[in-house]
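Peer 1: Here's the letter readout for the chains.
Number of protein chains: 2
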Amino acid sequence: MVDAVLFEFLHTEMVAELWAHDSDPDPGPGGQKTSLLVLEGMGFRVGQALGERLPREMLAFREELDVLKFLCKDLWGAVFQKQMDSLRTNHQGTYVLQDSSFPLLVRMGSGLQYLEEAPKFLAFTCGLLRGTLSTLGIKSLVTASVAALPACKFQVVIQRP
Amino acid sequence: MVDAVLFEFLHTEMVAELWAHDSDPDPGPGGQKTSLLVLEGMGFRVGQALGERLPREMLAFREELDVLKFLCKDLWGAVFQKQMDSLRTNHQGTYVLQDSSFPLLVRMGSGLQYLEEAPKFLAFTCGLLRGTLSTLGIKSLVTASVAALPACKFQVVIQRP
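Here the protein sequences come in this chain order: A and B.
Numbering-wise, the working numbering puts 10 at position 10 of the first sequence, and it's gapless, one number per residue.
Count along the second sequence from 1, then add 161; that gives the number in the working numbering.
For the record, the hints were derived by calculation from the structure and aren't laboratory data.
Backbone N, C-alpha and C fix where the C-beta goes; we use that ideal spot for every residue, glycine too.
Treat each hint with caution, since some may be false.
DEER-style ranges, computed between Cβ atoms [what the hints assert, rightly or not]:
#1 Arg214/B - Thr135/A: 26 to 34 Å
#2 Thr89/A - Arg214/B: 47 to 55 Å
#3 Gln259/B - Ala16/A: 30 to 38 Å
#4 Ala147/A - Glu277/B: 44 to 52 Å
#5 Glu116/A - Leu302/B: 37 to 45 Å
#6 Ala181/B - Gln113/A: 30 to 38 Å
#7 Ser306/B - Ser86/A: 29 to 37 Å
#8 Lys33/A - Gln259/B: 40 to 48 Å
#9 Ala181/B - Glu117/A: 19 to 27 Å
#10 Thr143/A - Gly298/B: 42 to 50 Å
#11 Lys73/A - Ser261/B: 36 to 44 Å
According to the in silico footprint, chain A covers these stretches of chain B (three or more CB under 8 Å from chain A) [stated by the list, open to error]:
#12 199-207
#13 311-321
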């Protein structure tokens with residue numbers, strides 16, 4: 001139980017620390033964009049490392065869809081102590097993973113004015129998904145969007161060679 | 162199991178990110194010192210928050226020593242999945258907590274040349290101890306030292322009003 005909040009607290013601190021730099025008098029060009037990239041990169045490397053530790057009974061996944069199901073169940077379970085609420089695909093390499101109550105957004109207010117703050121709470125997890133997929137041999141682009149807090153969607157687009 | 166490595170991986174990334182700034186061409190005065198303070202501050206706030214969540218059957222600790230024992234057992238267990246190896250005190254407000262194999266140092270090499278790198282892997286945890294103590298009503302100074310990796314000692318000096 002404490003393990004779960006430990007990750008959340010640490011994530012909150014990372015976001016705060018990175019955006020503290022952005023509010024410097026002279027943050028340099030593209031400060032906010034840089035912070036998002038830094039967070040995504042941290043998530044990517046943590047995802048890569050986690051991907052090697054997660055239980056992979058079926059190490060040779062037969063299908064791409066199996067890998068995505070693995071993320072929704074095992075990765076989400078390990079990091080957020082819950083499962084993704086839905087997984088949809090167009091069967092052409094695009095997957096939409098929906099979490100109706102994403103833990104890293106739950107503590108935020110739910111008003112519209114908070115929507116623009118959402119990306120900073122999603123970047124790390126986008127990287128986490130991309131990194132885990134990378135370890136499992138799948139190159140991807142991952143983006144996230146929020147329509148109504150604290151629900152959000154992660155879109156995974158597989159990059160074919 | 163994955164929860165534990167998740168914290169370690171995230172901590173590694175935080176340290177790397179903060180020291181990446183330090184290697185900027187112009188890190189500003191005291192860059193490395195600032196990073197240590199930033200990490201200590203992050204640990205402090207995470208410790209404060211964790212202190213409110215840890216199981217506190219004996220919410221009203223009878224003695225200061227009970228609080229320190231709580232850190233060695235419950236806080237260490239929650240964060241590092243182990244217990245502190247020893248706790249000593251001079252009975253005048255100074256406590257020495259020794260971990261003979263501190264998880265955040267285990268992955269480092271054990272040669273002498275790595276000793277100077279150790280402080281960056283200890284600052285967050287010093288803050289964590291200080292923050293948890295703060296939530297439990299005790300003001301303190303916490304420092305850490307390493308004689309032989311991966312063993313380390315945390316010294317807690319209670320600040321009397």
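Peer 1: Hint by hint, note whether the structure agrees.
Peer 2: Okay, the hints, checked on the actual structure:
1. Arg214/B - Thr135/A: 26 to 34 Å: Since arginine 214/B and threonine 135/A have Cβ atoms about 31 Å apart, the given range 26 to 34 Å holds.
2. Thr89/A - Arg214/B: 47 to 55 Å: violated, 38 Å
3. Gln259/B - Ala16/A: 30 to 38 Å: holds, 32 Å
4. Ala147/A - Glu277/B: 44 to 52 Å: With Cβ atoms ~50 Å apart, the hint holds.
5. Glu116/A - Leu302/B: 37 to 45 Å: Given about 40 Å between the Cβ atoms, the range holds.
6. Ala181/B - Gln113/A: 30 to 38 Å: holds, 33 Å
7. Ser306/B - Ser86/A: 29 to 37 Å: At roughly 51 Å between Cβ atoms, serine 86/A and serine 306/B fall outside 29 to 37 Å, so the hint is violated.
8. Lys33/A - Gln259/B: 40 to 48 Å: At roughly 45 Å between Cβ atoms, glutamine 259/B and lysine 33/A fall inside 40 to 48 Å, so the hint holds.
9. Ala181/B - Glu117/A: 19 to 27 Å: Given a distance of about 25 Å, which is inside 19 to 27 Å, the answer is holds.
10. Thr143/A - Gly298/B: 42 to 50 Å: holds, 45 Å
11. Lys73/A - Ser261/B: 36 to 44 Å: holds, 37 Å
12. 199-207: holds (count 4)
13. 311-321: Since 0 is below three, the answer is violated.
Consistency note: the structure conflicts with the earlier hints numbered 2, 7 and 13.
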